[in-house]
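Sequence lines, in order, name chains A and B.
353 is the number of the first residue of the first sequence in my numbering; add one for each residue after it.
353 is the number of the first residue of the second sequence in my numbering; add one for each residue after it.
One or more hints might be untrue.
Distance condition first, Cα-Cα at most 25 angstroms in a straight line; then the derived DSS-like pairs of lysine-lysine [as the list claims (entries may be wrong)]:
| no. | chain 1 | residue 1 | chain 2 | residue 2 |
| --- | --- | --- | --- | --- |
| 1 | A | K415 | A | K442 |
| 2 | B | K415 | B | K460 |
| 3 | A | K855 | A | K879 |
| 4 | B | K415 | B | K442 |
| 5 | A | K600 | B | K688 |
| 6 | B | K442 | A | K997 |
| 7 | B | K600 | A | K879 |
| 8 | A | K1008 | B | K600 |
| 9 | B | K600 | A | K688 |
| 10 | B | K376 | A | K879 |
| 11 | A | K847 | A | K821 |
Source of the hints: derived by calculation from the structure; they are not laboratory data.
No experiment lies behind these values; they were computed from the predicted model shown.
There are 2 protein chains.
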Amino acid sequence: MPSLTKLFSPSSIAVVGVSAETHKLGSVIMQNILSAGFAGPVYPVNPKYEVAMGVKCYPKVSKIRGDIDLVVIAVPAEFVPDVMRDCAKKRVEYVVIVSAGFRELGLKGLKLELEVRHIAEKFGIRVLGPNCLGLSVSATKLDATFAAMQPLGGNIAFLSQSGAFNSAILDMAAARNVGFSHFVSMGNKVDLNELDFVAEWLKDDNVKVIGMYLEQFSDGKDLLDLIKAHPYKPVVILHPGETVEAQKAMNLHTGALAGSSAIVRAALAQAGVIQVDSLEKLFHSMWLLSLGRDVHQGRVAIITNAGGPGVMLTDMIARHGLSLAELTVETLDNLKRVLPPSITPHNPVDLVGDALAERYDNALKVVAQDQNVDAILVVLTPQLVTQIEETARVVAQHFRNSKKLIIPLFIGGVFVEAAITKFNAEEIPSFIFPEQAVNALAAVARFHLPKQTKKTINLHSRTFTSIAKHTHAVARFTRTTPVALPQALTFELAKEVELDLPKQTIVDSFDSALSFVSETHFPVVLKALAEDITHKTDVKALYTDVRSVAELHEAFFALEGQLQRVSKKSKPAVLIQEQIRAQEEVLIGVNRSGDSRVYEQDGLGFGHALVFGKGGIYTEVWGDVAMGLVPMTKEQLLEMIHRTKLSKVLHGARGKKPLAVDKIVDTLLKIQKLVQMYPQISSLDINPAMVTSSRCVAVDLKIFVQE
Amino acid sequence: MPSLTKLFSPSSIAVVGVSAETHKLGSVIMQNILSAGFAGPVYPVNPKYEVAMGVKCYPKVSKIRGDIDLVVIAVPAEFVPDVMRDCAKKRVEYVVIVSAGFRELGLKGLKLELEVRHIAEKFGIRVLGPNCLGLSVSATKLDATFAAMQPLGGNIAFLSQSGAFNSAILDMAAARNVGFSHFVSMGNKVDLNELDFVAEWLKDDNVKVIGMYLEQFSDGKDLLDLIKAHPYKPVVILHPGETVEAQKAMNLHTGALAGSSAIVRAALAQAGVIQVDSLEKLFHSMWLLSLGRDVHQGRVAIITNAGGPGVMLTDMIARHGLSLAELTVETLDNLKRVLPPSITPHNPVDLVGDALAERYDNALKVVAQDQNVDAILVVLTPQLVTQIEETARVVAQHFRNSKKLIIPLFIGGVFVEAAITKFNAEEIPSFIFPEQAVNALAAVARFHLPKQTKKTINLHSRTFTSIAKHTHAVARFTRTTPVALPQALTFELAKEVELDLPKQTIVDSFDSALSFVSETHFPVVLKALAEDITHKTDVKALYTDVRSVAELHEAFFALEGQLQRVSKKSKPAVLIQEQIRAQEEVLIGVNRSGDSRVYEQDGLGFGHALVFGKGGIYTEVWGDVAMGLVPMTKEQLLEMIHRTKLSKVLHGARGKKPLAVDKIVDTLLKIQKLVQMYPQISSLDINPAMVTSSRCVAVDLKIFVQE
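Can you build the whole structure from these sequences, using the hints too?
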């Protein structure tokens, strides 16, 4: 991967499309570059002018003497390919195309975009955009954007697939005095994408937090491998399109995506990425994380001048998965010493309505020392005697002197405005709405600084060494659309990874059925195998608890009749199976996001995700499923099982015997191996697997393959 | 109920505790009353002064000549009773006690508070407070508070149990130019409570919305009866203490409340109250509701100058239970006509980045006419050419001309500030954060203006006419703590309301067991009845699927052995029961909030709540239960069942036969009747009830009674 040096830190820049009209994109960009204080030469390019913006204007990039590291292109879309070819002559390495009029306008624009990509690949030009706002880098005073304001310097690296979000975040940040190290608008991602930028930023010590608005992941697996290799740097992602409605709004194919948004959620969580679902959570959590303060276990102390907000915040804290800090006995004693005698200290620490700045100071001195406290919410409501600005001064001082995350929450409007302005000036994140403060804190708490580099499996490395036996057979069924493997091959694959299957055979006569039951014992299960019977409980194509030869006789011939009626076949195919008396039916499955080359260097997507949850008819009813990305360790699999509510039952709810959770983990490991051996598997469904106190038996297994 | 006329519209006021020190509470209140422009005379009272604030000061209220309608008391707590007695002499009807130092300070304060209540009751004085901020009424220019600012006039009636929330909401409202018709701080509610105020406000046409912060409900049932009788007026309630942690913070008994917060939620929803969980949702939803615009089915159109925010808002809208409006063909055609040809109109309507105010105007003209649209979010992100203030002018104009709820969402900070200020000045609710806008809109959408007064059952009227047979027997077991009714009496009650019970009997010998199975058929179930075996699956005290005399023999004597070992009784008590083969096990239960006089005029609390959900060991695991307040109609019961996920299974999931939902409703109606006949029932548990395609059988029934 290139280091983007000349993009972030060019020696010279050319802007193509500068004009005499100052409000045109090219002119605005040129002005922005100049006014941000860029150190090197900046060349305007436009064949129409001899002079532009008071300096010599060049007809084309190749006519400029001296090297050009970066070219910003702001001409109508149809002229972009020619400009690119001219850049190639000049051996330009980086180009930013801000022009719109490509893929976003349909087929004609898409063709133009593919031409741009072709030229870029042919001449080795790296391209940001098209259809983007440009980029800013504070360290090199580079502001190659047409944004209406320049971002302040800071340590947040932000990138967005929507230029509008860049503008909105920029405006929000300006109002709160929040700065950025890098500020990138990616547009249509014809070449440079989030992988290129994140790779750089993860290594850059000046970047404290990475924030992204991403509509599509260019390669989920590669992105997560990168992030997992740098566990010390927080990454926040806003990824819209979770709901079917939003997918429609993005004009995306619905079916495929609905599944994959669950995979995205599981994958991001597994890699330690903080996923947020709103612009304010994105902005506020980047802001808090830019402080670089670890909130460890998310134990929150509340200091407040009123009981009501304390109670309400306590509710919010619990609902958001944070916890109310248990103050130490020492802290409680010290609080008793410094607070009026009528106050019995506990968390929330209620300083009551007549609290002046000094009482806040005293309480903060004590609570900030408590080792059980990770973050402090300092709540002020404007009451008659409240010293709002003086209290802000006190809180700011403690903020500076402490390593804990101290968050001022000054609830109000007009009265608290001066205090909020003061906090902004001192670069202290502050809030006036309780919910925003707790939301942001909860997002931050999801990022625990790891005490040592986590042992993670690289997503590209397979976790097995055996050689697949049925590669050719599986390949024979693989198409561009999903195909169900036949039952016999499915059994072969299951045997290859030693899945626990019930004793079973496929028979076509009553005599064969009879000879099966002489090997095994009653009870048995009989299932019809016709392909057009998909859900076996929909028509009577399943007989369970068959206990005697007489019952077997009845069931077999009833099934035969059903099969002939439904599938018009003369010979019945009936699966006869030992009956497993399950204490619990579970679902074990796999879905793949991306293509079948997912374990190779050029494969795209997030790969295979394991699914575990309540099985049988209840899978859809409860939606009690957990997901995790392949490959997972035993510990991760156990943790995944534990995330389901079903886990309580498996571990023995209300005096029931615990079930064979270890055997479930075994099954998941075997399935994980199977999909890595046969990456063509696009989905796999064991529903149900019967779990007893000693076994996890795959009684119904379906496998689909796809390219 | 009194009309509060002299409280809201007094002819004259006395303020007790006015002093020479202008920052003291009494002086601040006096100043506030005067500066708000109160029309009648205001008398300062303080025995220490001859003159206060430039006018004659009275030593006590009774020394004032002329009638006094309202007395505000701002003296130290210990002097309050004397002032009250003096007020009684003067036949004062209303007193506002702002003084703190009562119940909130422990036992001594509580005694003082009870004394105040005693005097109030004795002399018929109505009291607001103590420990409150006072009240403001805009219609009569009354501002009897010690708040640091006066609320603006408006049509929101707000009351709070936390004075700090009054202050914070007041400050927020001032910043957004939001006004109030009434603004009340209730403090410790020694006498006047939410019932008194809500009763008035529901009748007052100047009040468009009622908002409340309530920590405890004075009488839930009465409040809901009031609200249900006025279905045209929206009521928003923030009720903290949903979580165990917050209950601890309120110093309340945990166990009792955890259950009742679920009852509160169900009860408020049933009465059409909008329950919110944060201060910002409370404030923003009151603000939107004060416009009095109906959002009908919550179908939202989005008009935006950027795709990203449109996608993100679509996600939010779907997540919040709103829906994206399906624009009519006519609307789409008209949009095509007025928008640039490159835009294919759909909802979200993306005006793209170069949209000027005129394009917003054109789009709004069209979309505001669409009958499929209930609310319009007008989204602006500050891009290079965006005409922010001009667009604000356009949106404001459409807001005024339309009856639809048009909400400006101008995402940003510095650039959008002037536009937001403009919206505030024109009293148009606007937002800069997408999540806040959608949260508020979702809260508003939960209040659908009913097309005609809903047919509701008054909570006080019982829905049965029969006479209870076992009143004396039940009364015999009723104590101040919960007591389990004996099995035999439980059966009697079940028979009285004709619950569907399995054939069953209690036997103490194998011979009796044998004679039971000759009456019924196998299979049967055997259960131990010893009281110390609470959860029957914990020890082997339950035998199911007993299919033969041999198995019966084995099970009976095994149980006898178990029982003798566990309960040390010589004679076993064994319940023998026909076995019901359930297609589904459900939970049917009742919990009572409040006391056993709940159906009488002076009974307190919300009453009995019916509970329905997944039964057996899964009740706790899935938490899939729905609740509703007694009495409910058949339709309401069906709707309650439908709220559970289990409902899908009951109605026939994945080709399974539908189960007897009508019989579940019957059972719920019978239980509803039972708890009204025996209001001493504090909780009742049928877990499980076995549901087949034709029956709902209560196989395990427990009843607890309490005063």
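Going down the list of hints, with the structure as the test:
no.: 1; hint: K415/A with K442/A; in the structure: 9 angstroms, holds
no.: 2; hint: K415/B with K460/B; in the structure: 30 angstroms, violated
no.: 3; hint: K855/A with K879/A; in the structure: 14 angstroms, holds
no.: 4; hint: K415/B with K442/B; in the structure: 9 angstroms, holds
no.: 5; hint: K600/A with K688/B; in the structure: 19 angstroms, holds
no.: 6; hint: K442/B with K997/A; in the structure: 65 angstroms, violated
no.: 7; hint: K600/B with K879/A; in the structure: 56 angstroms, violated
no.: 8; hint: K1008/A with K600/B; in the structure: 32 angstroms, violated
no.: 9; hint: K600/B with K688/A; in the structure: 19 angstroms, holds
no.: 10; hint: K376/B with K879/A; in the structure: 85 angstroms, violated
no.: 11; hint: K847/A with K821/A; in the structure: 11 angstroms, holds
When the structure is compared with the earlier hints, violations turn up for hints 2, 6, 7, 8 and 10 and for no others.
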